[in-house]
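Asks: Position 339 of the sequence shown, counted from 1, bears residue number 339 in our numbering, the numbering being contiguous throughout.
For the record, the hints were derived by calculation from the structure and aren't laboratory data. Glycine included, each C-beta is placed from N, C-alpha and C at the ideal position. A couple of the hints might just be wrong.
Label-pair distances were calculated between CB atoms; the ranges are [stated by the list, open to error]: (1) Gln99 - Trp36: 43 to 51 Å; (2) Gln95 - Glu240: 23 to 31 Å; (3) Gly278 - Asn29: 53 to 61 Å; (4) Gly272 - Gln47: 54 to 62 Å; (5) Lys87 - Pro334: 16 to 24 Å; (6) Gln47 - Trp271: 50 to 58 Å; (7) Asn277 - Ala66: 45 to 53 Å.
Straight-line distance between alpha carbons at most 25 Å, and here's what the computed DSS-like set of lysine-lysine pairs gives [claimed, not checked]: (8) Lys96 - Lys338; (9) Lys41 - Lys164; (10) Lys262 - Lys338; (11) Lys375 - Lys262; (12) Lys142 - Lys164; (13) Lys96 - Lys142; (14) Lys203 - Lys142; (15) Lys338 - Lys87; (16) Lys87 - Lys142; (17) Lys164 - Lys203; (18) Lys213 - Lys142; (19) Lys262 - Lys382; (20) Lys41 - Lys203; (21) Lys164 - Lys213; (22) Lys213 - Lys203.
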Amino acid sequence: MRSTILLLATALASLIAAPASAATTSCRNTGDFATWLDAFKREAAAQGVSQRAIAAAGPHLRYDQAIINRDRGQRFFGQDFVTFSGKMLMPYRLQKGPQLMKQHADVFARIERQYGVPAAVITGFWGLESDFGAAGGGGMGKLSVIPSITTLAYDCRRPEMFRKELHAALQLIDRGVLTPDDMVGSWAGELGQFQFLPTLYLKYGVDFDGNGKVDLMRSVPDALASTGAYLQGLGWRRGEPWLQEVRVPQNLAWDQSDLTIKHPRSQWRGWGVTLANGQPLPNDALPASLLLPMGRHGPAFLAYPNFSIYTEWNNSLTYATTAAFYATRLAGAPAFNKGNGPVAGLDHNGVRELQEILTRRGEDVGNPDGVLGQKTRIAVKKAQMRLGLPADSWPTAELLERLRAAR
Numbered sequence: 001m002r003s004t005i006l007l008l009a010t011a012l013a014s015l016i017a018a019p020a021s022a023a024t025t026s027c028r029n030t031g032d033f034a035t036w037l038d039a040f041k042r043e044a045a046a047q048g049v050s051q052r053a054i055a056a057a058g059p060h061l062r063y064d065q066a067i068i069n070r071d072r073g074q075r076f077f078g079q080d081f082v083t084f085s086g087k088m089l090m091p092y093r094l095q096k097g098p099q100l101m102k103q104h105a106d107v108f109a110r111i112e113r114q115y116g117v118p119a120a121v122i123t124g125f126w127g128l129e130s131d132f133g134a135a136g137g138g139g140m141g142k143l144s145v146i147p148s149i150t151t152l153a154y155d156c157r158r159p160e161m162f163r164k165e166l167h168a169a170l171q172l173i174d175r176g177v178l179t180p181d182d183m184v185g186s187w188a189g190e191l192g193q194f195q196f197l198p199t200l201y202l203k204y205g206v207d208f209d210g211n212g213k214v215d216l217m218r219s220v221p222d223a224l225a226s227t228g229a230y231l232q233g234l235g236w237r238r239g240e241p242w243l244q245e246v247r248v249p250q251n252l253a254w255d256q257s258d259l260t261i262k263h264p265r266s267q268w269r270g271w272g273v274t275l276a277n278g279q280p281l282p283n284d285a286l287p288a289s290l291l292l293p294m295g296r297h298g299p300a301f302l303a304y305p306n307f308s309i310y311t312e313w314n315n316s317l318t319y320a321t322t323a324a325f326y327a328t329r330l331a332g333a334p335a336f337n338k339g340n341g342p343v344a345g346l347d348h349n350g351v352r353e354l355q356e357i358l359t360r361r362g363e364d365v366g367n368p369d370g371v372l373g374q375k376t377r378i379a380v381k382k383a384q385m386r387l388g389l390p391a392d393s394w395p396t397a398e399l400l401e402r403l404r405a406a407r
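Using the sequences and the hints, build the whole thing.
Replies: Here it is as structure tokens:
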């Protein structure tokens with residue numbers, strides 16, 4: 001789901017959800033695909049992929065313009081956090097997650113002992129990425145992924161990334177892990193119950209059910225444990241939280257609300273930040289950032305070091321915050337407070353105009369695409385500080401009007 005992710009994809013979705021630069025978005029494919037493919041096959045063979053595997057994949061090694069169109073047209077992550085999370089965290093996901101955690105309690109306990117990752121964290125990704133491994137409803141995707149990866153490896157936007165994925169897909173075939181017909185998933189090439197790209201399948205796939213095969217499509221233990229291994233590989237810190245809803249005073253220094261700024265919990269406590277229920281924060285040194293996904297009037301969270309794992313999984317802040325909050329719900333937290341006042345943002349066209357103005361002023365917002373990514377949030381914060389506005393990184397109509405007037 002991650003396409004990313006969903007998710008909708010993912011991790012990679014993660015990588016896949018990353019905003020493209022203006023240059024890569026507008027790039028044009030001018031080389032002959034057949035010539036490119038012949039060269040790629042020679043390269044794969046030189047790197048040790050057997051002719052048998054190349055031949056088996058052959059009918060699937062084709063160009064699909066529909067994949068390029070989907071890749072260029074992503075807007076899924078352009079929604080604000082409240083809207084996006086409301087759509088993704090529907091009641092059945094909140095109900096089924098705990099049921100599956102109980103059903104597979106022994107497997108989750110083994111995973112946490114081995115990899116240090118709690119059941120709620122893994123289950124949150126499971127629900128968002130594939131509806132807990134739903135096949136009939138298309139949760140894991142319905143497309144043959146080799147044509148998708150081949151197309152994206154040939155495409156001018158991210159050829160190096162997907163060239164590696166195509167090599168990995170051939171290796172999965174060569175090692176007998178999957179057949180080309182097994183490789184059905186998302187349009188961005190992700191596979192299985194957690195939407196792993198082929199490189200992740202190869203690197204982190206775990207045979208946890210002991211049958212001698214790593215099966216992330218059908219084996220729940222393999223899929224869950226491989227995700228634990230992947231999160232551990234990303235740097236998950238055993239026994240530490242990841243996200244916690246808080247209440248913030250309205251006289252806070254808003255420029256401190258940034259994922260790049262970390263303070264001990266004792267410092268946030270000293271500034272008047274409390275737990276969501278009004279109780280004091282622990283008076284300890286655990287580092288945390290104040291995350292305001294929709295500015296100072298919207299929901300507020302402390303993001304701990306483990307939250308960075310979510311942005312590694314998928315660098316859309318909207319997705320990362322939704323996935324992290326979902327895990328807190330599965331761990332027993334209540335629904336979040338949507339804010340302490342009206343949260344008025346900009347629509348897609350307004351964000352794009354804002355990005356264009358900031359770009360002309362020398363700020364790096366990535367591609368002016370109407371999506372509020374991390375680069376745009378950083379540029380918004382700098383503009384707010386220059387104009388004497390509360391620097392909470394949330395673009396508003398007032399900010400846009402002030403920037404228009406200053407041109």
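Asks: State for each hint whether it applies.
Replies: Hints, verified against the model:
no., hint, result
1, Gln99 - Trp36: 43 to 51 Å, "holds, 48 Å"
2, Gln95 - Glu240: 23 to 31 Å, "holds, 27 Å"
3, Gly278 - Asn29: 53 to 61 Å, "holds, 57 Å"
4, Gly272 - Gln47: 54 to 62 Å, "holds, 58 Å"
5, Lys87 - Pro334: 16 to 24 Å, "holds, 19 Å"
6, Gln47 - Trp271: 50 to 58 Å, "holds, 54 Å"
7, Asn277 - Ala66: 45 to 53 Å, "holds, 49 Å"
8, Lys96 - Lys338, "holds, 24 Å"
9, Lys41 - Lys164, "holds, 13 Å"
10, Lys262 - Lys338, "holds, 24 Å"
11, Lys375 - Lys262, "holds, 18 Å"
12, Lys142 - Lys164, "holds, 22 Å"
13, Lys96 - Lys142, "holds, 23 Å"
14, Lys203 - Lys142, "holds, 24 Å"
15, Lys338 - Lys87, "holds, 14 Å"
16, Lys87 - Lys142, "holds, 22 Å"
17, Lys164 - Lys203, "holds, 13 Å"
18, Lys213 - Lys142, "holds, 23 Å"
19, Lys262 - Lys382, "holds, 18 Å"
20, Lys41 - Lys203, "holds, 22 Å"
21, Lys164 - Lys213, "holds, 23 Å"
22, Lys213 - Lys203, "holds, 14 Å"
Checked against the numbered hints above, the structure violates none of them.
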